[in-house]
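If you read the sequences in order, they're chains A, B and C.
Residue numbers are given in this note's numbering: position 278 of the first sequence equals residue 543, and the series is strictly consecutive.
Residue numbers are given in this note's numbering: position 141 of the second sequence equals residue 1292, and the series is strictly consecutive.
Residue numbers are given in this note's numbering: position 213 of the third sequence equals residue 1644, and the series is strictly consecutive.
Honestly, the hints are just simulated from the structure, not real lab data.
All residues carry an ideal CB built from backbone N, CA and C; glycine is no exception.
Incorrect hints may appear among the rest.
The list that follows gives simulated cross-link-like pairs (lysine to any residue, SDA-like), each with its CA atoms no further than 25 Å apart [unchecked claim]: (1) C/1854 to C/1676; (2) A/576 to C/1619; (3) A/496 to B/1218.
Sample of chain A residues with no beta-carbon within 12 Å of chain B, all distances over it, derived [as the list claims (entries may be wrong)]: (4) 442; (5) 554; (6) 687; (7) 693.
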Amino acid sequence: MAHGTAPLFEPHPDLHVVERAPLVLNGRSMGWITEHVSQIVEQRAKSWWWWAVMITGFVACLVPLALAYLVSTGVGVWGNNQPVSWAWDITNFVFWIGIGHAGTLISAILFLTRQKWRTSINRSAEAMTIFAVICAAIFPVFHVGRIWFAWFLFPIPNSNVIWQNFRSPLLWDVFAVSTYFTVSLLFWYVGLVPDLATIRDRATTKLRKVVYGALALGWRGSNRNWRHYEKAYLVLAGISTPLVLSVHSVVSFDFATSVIPGWHTTIFPPYFVAGAIFGGFAMVLTLLIPARALYGLHDLITDKHIDNMCKIVLLTGTIVGYAYMMELFIAWYSGNPFEQWVFFRNRIAAPGFSDQPAPYWWAYWSMIGCNVIAPQFFWFKFCRQHAVVVWIIVQFPNIGMWFERFVIIATSLHRDYVPSSWGYFTPTITDILLFVGTIGLFVFLFLLFVRFLPMITIFEVKAVLPEADPHHDHGGHGHAKEPQAAQGH
Amino acid sequence: MGDTDTRKSPKQRRDTDTMTETQGRLFGVGAEFSSASQVYAAAEKCRDHGFKRWDVHTPFPVHGMDDAMGLGPSRLSFFSLMGACTGVTVAFLLIFLTTADYKLPDWVPMWLHQNYPLIVNGKPFFAFEPSIPIFFELAILCTALFTIGALLAMNMLPRWNHPCFNWDRFAKVTDDKFFIVIEACDPKFSELETPDFLKSLGAGAVEMIHEDKE
Amino acid sequence: MSETSHKTIPKFDPAKAGNLPKLFLGAGALGLLGTLAGFAVAPKQAAFSYLWAFVYAFTLCAGSLFWVLLHHAVDADWTVVVRRFLEKVAGLFPYLALLFLPVVFSAPMIYEWMTVDPGTDVLLDHKAVFLDGGRNGAGFFYYGRAFFYFAFFMGAATLYKKFSVAQDADGNPHLTNKMRHMAYGMIPFFAASITFFAFDYLMALDYHWFSTMWGVYIFAGSAQSSMALLIVISNACRRAGYLDGVMSVEHNHIMGKLLFAFTVFWAYITFSQYFLIYYANIPEETWFFHHRNTNSWQWLSAVLVFGHFLLPFCLLITQPAKRDGRRLFWACGVVLTMHLLDLYWIIMPQKQINEALHAAGSLQAAVAKTGSIESLHLAPHILDLCSLLGVVGIMGWLFLKSLAQDAIYPVRDPRLPNSINLKN
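Looking at chain A on its own, in the form it has when it is part of the complex (with noise of 0.2 Å):
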C-alpha cells in the first residue's frame, strides 16, 4: 500500500476532531450487553409497566368494541359519507402504515449502506413495523363493509368465477400490504433467532426453556449457519429495501390514479415513502427515548443515535415539504383551475388572508407547522442533544404525519366541481374511539414486546464493538491505519 510502509504525512495534531463517537459508550464488554438486555426479559416486570400495559390493554380494547358496533350495524357508524366517503378510516390506514416504514428502512435500507449505529435500534423499530401494520390492517378490512365477504380481496377460485380486477389500485394494496407484512414478520424473526438462542441459554425456568428454545429453532451460532444467515439477511434486506417503497408508493397509486384533483399528480410515490419514512422515525423516537430511560440503555442507544435520528427527520421532513412545495407550484402553473381550487380554495385559504377560508384552512396550516416547520428546530444542535426537546418536537411530525393524510383525503373530497354536493366531514364517536383504539393496540404491544423479546438487536451489537473484529489484537486494519492509531489510542 502507498501508505502502507511510509506515510506520507505526519498525522494533524487535531485529527481528533474527526473521531467519531464510539457505537457502544464505557467501553461495554460482549458480556454486560448480553446480561443487561437480556434481564429486561428475564425480570420480574417493574410496577410502571404492569399499570401502562393496563391501561393501554384496556384502550385496546376500544378497537373489538367499536368494531363489533361497526360490525353489528353497518358502516354508516363511521362519519364518512359522500362526498367524504374516504375519511378517517383510510386516514388512519395510510398514517399507520407510514409508521411502519421506518423499521423496514432502519433495517434494510441502512443495513445496504452499512450505517453501523442501526444496530441498536432496528429490532425495536421493526416490532413498530408490524404493530403498526396490524393497526393499519384492520381500517380497509373493515371499510369494506360486509367484512363476511372479505375474501373477495384473495384470489380464491370459486362457483362464479368472480375475480379480483387486477387493474385497481385497491387490489395492488392488497398484495402489497400482506406482502409487506410477511415480510416485515419474517426478517424480523430471521433477526430475532440468534437473541432468542440467547435467552434461551441464560434461561433459568424450564418454560423459557422450552419456549425460547422452540422460537430459536436450535440455533447455535455455527459460523456454517451464519454463513447462509448473513447471506439470507442481505437478501431479505435487498428486497425489503424495493418492497418499502413498493408498499407507499401502491398505497399513493389509491389517490394518485384518479383524476382527483389533489390527488392526481406524479411525485405521489416519492413523496408518500419519505412522509413514511418521516412520519415513522418520529414515532421511533417517541417510543424509543421513554424505553431508553426506563430502562437504562444509554450506552446503547446513545445520544448519537438520537441526533442521527433526528438527522434523517429533518432530512425527510424537508423533502416532504419540497413535495408540499411542488404540489402547489404546479398546481398554479398547470393552470388548472380545478386543482388551484384544491390548493389554495379548499386548503390555504386561511381565514383573515382569504374572504372565503377553507373550511379545513386548520388542517393544512397543522400540517405544514407540523412537517415542515417543527423539524427545523433540529438545525440546531441544542435541539438534537437533548432527549425531552426531541420527544417534544418529534410529536409535532407524529401529529403532522396524521393531517397530512387528512388533509390528502377530506379537502379534496369535500368540494369538488359541483357545489350542490360540497359538504363536510365530522367524525362520529365510533371513528374516534376506533383511532384511539389502535393507538392502545400499538403502545400495548409494543409493551409487550419490550417485556417477551430482546429489544435491542444483541448480536448485532456485540459485532459493532471493536474487540468484534477478529484484527482487533493485531493492530487495527493494517498499517494503513497508523497515521490515525498513533492519534486515536
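Using the hints, position chains B and C against chain A.
Chains B and C only, in chain A's frame:
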C-alpha cells in the same frame, strides 16, 4: 502434524468408542476461546491442518470467518432468484388466466376455464402496466419465502437438540465466548492429538463432547 | 511542504495520457466549430442539438456535485479516494456557465412560448410571470433564476474544490468538519436549483405540460449517470497506475452497488411518472408520452425501458459483476449512453412538435387526421453529433487539465486510511 496411524474411519471409530454409563457416543472435541481474534487465528490453523468436519461457533458473525474456515461464498441467493422467478410467473399466470380475453379449446377441463374478461377503466383486458405492482409484490413475497426456506434447509434447522448443547460451557456461545468444535467423524480427528492441537491454538478450555445417551 | 513530499504526491500527468487531451481538445474544437456553422445553416436544429449536449454535461456535473454533498453530509469514509474526481467534474461548472450562454441566445428558437404573443394563449398568460422571456416580457425572472442556479452550482463546486485541495496541503481535519456542515445547508439549495433548472429548460419545452415528478426525474438521471462517469474515470486512473494501493476492487463494488441502486431509483421514478399519467389518462398530461410513442420515437422509448433500466439492472445484479472492472465498465457505458438517449427523447421530439404546430396552426389541427402528429420521427442530425462532440470534448479536455493541477486523490484527508481499507 498428525500421526496417521491413529486416524480411523468414522465407522471403525463408532465401533470402538468408549460408551460410558452416563454419556453417549463421542461427537467431537470442543475448544473455548475468549476473543474473536483468537478464534479467528485458530480457525485459520484448523483450516490449514485440513479438518473438514468442524465448525466455529460465535455469538455473532465474525467478519472474514468464512475465509478463515476455508468456506466459499453461500449459494443461498440462487434460491432467492428462483423465488423471484416463481413469483413473477405466478403473478403473470394469475392475472392472465383470470382476466385476459381468450377461449380455451373445449377439450380443456371445465374447471380450467376461469377467465372472465371485463372492461375496467378503459384499460386492456390484460394490461401490462397495471400488472406491474402485482408482479413485483409476488416476486418479493416468493423471494422472501424461498430465502427463508433455503436458509432453514441449508442450515438444517429447526432442530430440538444438538450434541454441542451437552457441553455446559457451550451455553456461553450466545454470550461472549467463541468455540471451535471438531467432529469425531472428521478423517483427521484423533482423540489424543486433536485436543492438544486445539490447546496449542490458545483455547481456554478443551473438552470432549458426547452425543445423547441412547 | 518539503521537496520530497512534492515528488510523492500522486498527480495526474497529462503527458502520460498520450493523445487523450489532444483528442478531447480536437473533438471539442471541431464539434463547436461545426455547431457554430450549424447555427448559420440550420439554426433551429443547432439550437436543439446544442441544448441536448449542454444538458448532458450539466446533469453529469450536477450529479457529481450531488455525490460530493452526499459524501460530506453523511460523513462517508469510502468515497475519499475517488472524491477528487467528483470535485473536479463538479468544478467544471464555471466553464459550464460559459457554455450555457449559447442556450440563452438561442432560447427563442427552442422555447415556443417565447414567440407566442401575449393574449393568444390563456394558459401561457397565466404563467407569463414565471415564463417571462421573449414576447412575454424581458425575461428578468426567467434568466435571473438561471443566474442563481449557476451561481449556486459554481459557488458550491468551487468551494468544495478549494477546501479539499487546501486540505492536501496541511491535512487540517477542521476542514472536513467545515465541509460537512456546509453540505447540510447546501442540500436544499441543490434540490431547488436542479428542480427549477429542469422545469425551466426541459419541462418548459412544452409549456402546457407539467409533472410534479419532473425535478426528481432529472435528478435521478443525473445521479445515476454521474456515478457511472465516476466509475469510468476512477477505473481509468486506476488502470493507468495512479491509484495503486489506494483504490481497490472494494471501491468498484460499492460504486457498482450505488450505480445499481440508482438504476432502480431512476426506473422507479420514471415508471411512477409514466404510470400515473397513463392510468389517469388526462389528455393534457398524456400528450407528453403520446408524442414520444408516435412512429419511430416509440422505438427509442422501448430502448430506454430496456437499456436504461433492464440491461444495467441485469448486468449489475450479481456481486461478482460489481467487482469485475470490465463488466462494470460496460454497465457504465450503457448507463452513460442511455442517459444521453433519455435526454434526446426528452428534448428532440419538441422540435418536430413545434414545426408541426407552426405548419398546422394548432395542436388540434396537427392531430386532426390520425390523432397524433404524423411528422414525428426519430431523425438524428449531424449537428447532434457536432454539439455532443463539442461540449463533451471541451469539458473532457478541461477536466483533464484541471485534474493535473492537484493531487489525484485527497492525500491528507483524515478519513483516507478508512477509505483505502474499505471492506464490503
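Each hint, compared with the structure:
Annotation: proposed proximity of residue 1854 of chain C to residue 1676 of chain C holds, straight-line Cα distance about 14 Å (limit 25 Å). At roughly 14 Å between alpha-carbon atoms, residue 576 of chain A and residue 1619 of chain C fall within 25 Å of each other, so this suggested pair holds. The straight-line distance between the Cα atoms of residue 496 of chain A and residue 1218 of chain B is roughly 15 Å, inside the 25 Å bound, and the hint therefore holds. Consistency note on residue 442 of chain A: stated as away from chain B, yet its beta-carbon is not over 12 Å from all of that chain's, at 9 Å minimum.
With a least beta-carbon separation of about 27 Å from chain B, residue 554 of chain A lies farther than 12 Å from that chain, consistent with its non-interface assignment. Remark: the non-interface label on residue 687 of chain A is consistent with the geometry, its nearest Cβ contact in chain B lying 26 Å away (cut-off 12 Å). No beta-carbon of chain B comes within 12 Å of the beta-carbon of residue 693 of chain A; the shortest separation is about 32 Å.
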